[in-house]
Amino acid sequence: MSENNCLFEERDRERLPPILNHSLDRGPKLHFPFYGSFISTLNHKRESGSHSLSSPLLLPAVKQVRELPPICPDVRQKHRISIDVLPPEVKARFVSEPIIPIRTKTAKEFQDDVERATISGDWKQVHDFYLTTFDSFLELNGAFKKEANAPFNTIEDSGINMKFVNIVYDALLHTPADTQKSVLKGIINSLLREWKGLLKCLSVSQNPQYTSPATYVIYAHLLRQIASLAEADHHFLMHWFKKLPQKRFKQLVERLQLFITTRLFPAKPDELPPMAKCSWWIPSATKVLSLLNAANSISSPPIIPFTDLYNLTLDHIDFMEDYHTWQAHGNSNRFTFCQFPFILSTVVKKAIIQRDSEQQMISMARQTLVDKVSRRQRVDMSLLFLNIKVRRLQLVSDSLDELSRKRADLKKKLKVTFVGEAGLDMGGLTKEWFLLLIRQIFHTDYGMFTYVKESQCHWFSSWKCDNYSEFRLVGALMGLAVYNSITLDIRFPPCVYKKLLTPPIVPCDLDTPVGMATLTLDDLQQIMPDLAHGLGELLSYEGNVEEDFYTTFQVFQEELGVIKSYNLKPGGDKIPVTNLNRKEYVQLYIDFLLNKSIYRQFAAFYHGFHSVCASNALMLLRPEEVEILVCGSPNLDMGSLQRLVQYEGYSKTDPTIRAFWDVVLAFPLELQKKLLHFTTGSDRVPVCGMADLNFKISKIDVSTDWLPVSHTCFNQICLPPYKSKKELRQKLTIAISNAEGFGLE
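Numbering (this note's numbering), first residue to last: 121 to 865.
Rather than coming from a laboratory, the hints here were simulated on the basis of the structure.
C-beta: ideal position from N, C-alpha, C; glycine also.
Hints are supplied without guarantee of correctness; some may be wrong.
What the hints assert, rightly or not - What follows is a list of derived Cβ distance ranges for each label pair:
no., residue 1, residue 2, range
1, Ser483, Gly691, 45 to 55 Å
2, Thr773, Ala448, 46 to 56 Å
3, Leu384, His449, 12 to 22 Å
4, Leu384, Glu847, 52 to 62 Å
5, Glu662, Trp583, 31 to 41 Å
6, His449, Ser494, 28 to 38 Å
7, Lys816, Asp435, 20 to 30 Å
8, Val829, Pro421, 37 to 47 Å
9, Gly540, Leu503, 41 to 51 Å
10, Ala352, Glu478, 41 to 51 Å
11, Arg720, His449, 31 to 41 Å
12, Glu478, Thr381, 24 to 34 Å
With the sequences and hints as input, model every part of the structure.
Here you go:
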């Protein structure tokens, strides 16, 4: 190869985006009083000529730790395509600019050849031209570059002459199958040696005229070639996808989703080959889509929301058959959508978990009946349920005792009875039990959790004790809520759900650590924003860290009024933090705060949750999706609620109801959330949307001086017949703004 070509290759290698290492210096740099003010003081002193500190500064005692969000969404999925960090010596192959072919034709000459072949049916001349003239889109473009006065309509940054590419595409559509395959193989194989060319090819497929099913044979072959690339090639391709503009990236995702949807449910089945002959189409497209998902996952922030990768068409397939196939065959060559869970919506995943749960419930109940019959004992239908009996005044202790004694029944349908109170549990008592119990356990006076005002979330108290059974109770409650489709008003940070999925399946070895997720400064920022920013300042500090900060690998924490010290590593109190080891210090500090200092508490919480929700279906979930299953979705659609609401004593045409919706739809989002919380006990919406709320507006015949009242156990708000919209707005605003706020005291 010539020296110029070598230089060309080196330059192109340098353009390759760097391989990501999850280093800690990527966190956001936010303000932290200690480090931030300290650095400001140092800078001020340096400007004034002073380079020394009057007294050593110690790391502040950490009284409370808090929550954080998930970082890398798909780390726990065993069937997910893994894209490992490659060693630096692995290089992508680049070729020099294609040599312009000696044999060229004008667009008119080529088009005439195609027209003659279409009429005569003799495609030999076109076939020979394909095979002898070019074998990449770049060379194809070069073959026509001498065309005089040719109109150019180039794709951004691609240099592709769209006129000629369109002609070749049209020609391919009219060629026999063997010609298509041989041409595609030559073009694509050459194309995949040059990454820019591949992206151009995918961009060409974004042209609106190529969304027709008639072009899908060509597109499918392209996807098949990409999907069959080696893992190293997938790695570099993923980084190229990461460099795409958001608009182009989203177009590629939508194009692939449309391809999958059309193949599953074609508008005109005759337009596509029989499914038996192209069973590889959907697997190839899904695998290419997984590369886009991986590129999106390693981008910070993500290029598009993870929900944009959902294919809602899959809500209508037999996803339980897909799930059972995945369970039976696992990571084999047999394709299932469950191998690529990013494409399945939260609605599908919830349905899978629910049906899997129902099967487990039925299995448990059947086994109980069989045992009773085999012993010739009288069958009591209450054995089919998890029956919880509690006293209101001893709610926590009774609930803990009941769940501990009936651990074998946790997978049965839940029914709650309050001792001394008549009534059957038709769902209202169960929801009330959850609301009251969660509210009491998470109260700051109870001491199990601390509420962090800066991040508006709860975090585990780090105090040590002999019995962590109450943390197990909270985990079991969350599991029961998912199992029984109850939305809880819990304000955990996103990292809690990441820890819950580490690992997603409970280890057989009870000594295996659980919940020890790899967390970063981004996670800490979600819980303790001031401290996270301060540590970010430490990482970027340009002065002498050892002399100016005068701190060691030792931290201090207050537990029940007593300050305790902990070494982040053996002999940490004697190891100074320096410019060289500060990244290690920050990493160990975060691990201590979010993992080690609360390990026993979280391990009990983890095992409580998985004692109810142990299922392979959990492996399909992202941490964000677990949060939605437990707490509901934050996306409100009050217009949808208006269409689905039920009325009792009112009709939708009554003046009071019309005024109510005029007021509510005009409310800012914050007041709309307060209304939902006032009525249902949570400001979030179930996974399946407003329809699952069973929201009801009832009439109460009382004076209009009364404020609206609610029955959160039944998602019901009761309105007096207010005479004017102004009066209704005033009374409703007062009611929803002054209702007791869980966790906000």
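Satisfaction of the hinted span 31 to 41 Å by the C-beta atoms belonging to glutamate 662 and tryptophan 583:
About 39 Å separates the Cβ atoms of glutamate 662 and tryptophan 583, which means 31 to 41 Å holds.
For the range 46 to 56 Å, tell me whether the beta carbons of threonine 773 and alanine 448 fit it or not.
This hint holds: roughly 55 Å between Cβ atoms.
Are leucine 384 and histidine 449 spaced within 12 to 22 Å by their CB atoms?
20 Å, holds
That 20 to 30 Å hint for lysine 816 and aspartate 435 (C-beta), does it hold up?
27 Å, holds
Could you tell me whether the CB distance from arginine 720 to histidine 449 stays inside 31 to 41 Å?
Holds - the Cβ-Cβ distance for arginine 720 and histidine 449, about 38 Å, lies within 31 to 41 Å.
When you take the CB atoms of glutamate 478 and threonine 381, is the distance between them in 24 to 34 Å?
29 Å, holds
Lying within 41 to 51 Å: is that true of the beta-carbon distance alanine 352 to glutamate 478?
44 Å, holds
Evaluate the given range 28 to 38 Å for the C-beta pair formed by histidine 449 and serine 494.
The hinted range 28 to 38 Å holds for histidine 449 and serine 494, with Cβ atoms some 35 Å apart.
Consistency of beta-carbon spacing, proline 421 to valine 829, with hint 37 to 47 Å:
43 Å, holds
Does the Cβ distance between glycine 540 and leucine 503 fall inside 41 to 51 Å?
Given range 41 to 51 Å: violated, Cβ gap about 23 Å.
Do serine 483 and glycine 691 keep their Cβ atoms within the hinted range of 45 to 55 Å?
This hint holds: roughly 54 Å between Cβ atoms.
Given the hint of 52 to 62 Å, check if leucine 384 and glutamate 847 actually sit that far apart at their C-beta atoms.
54 Å, holds
The earlier numbered hint that this structure contradicts is number 9, and it is the only one.
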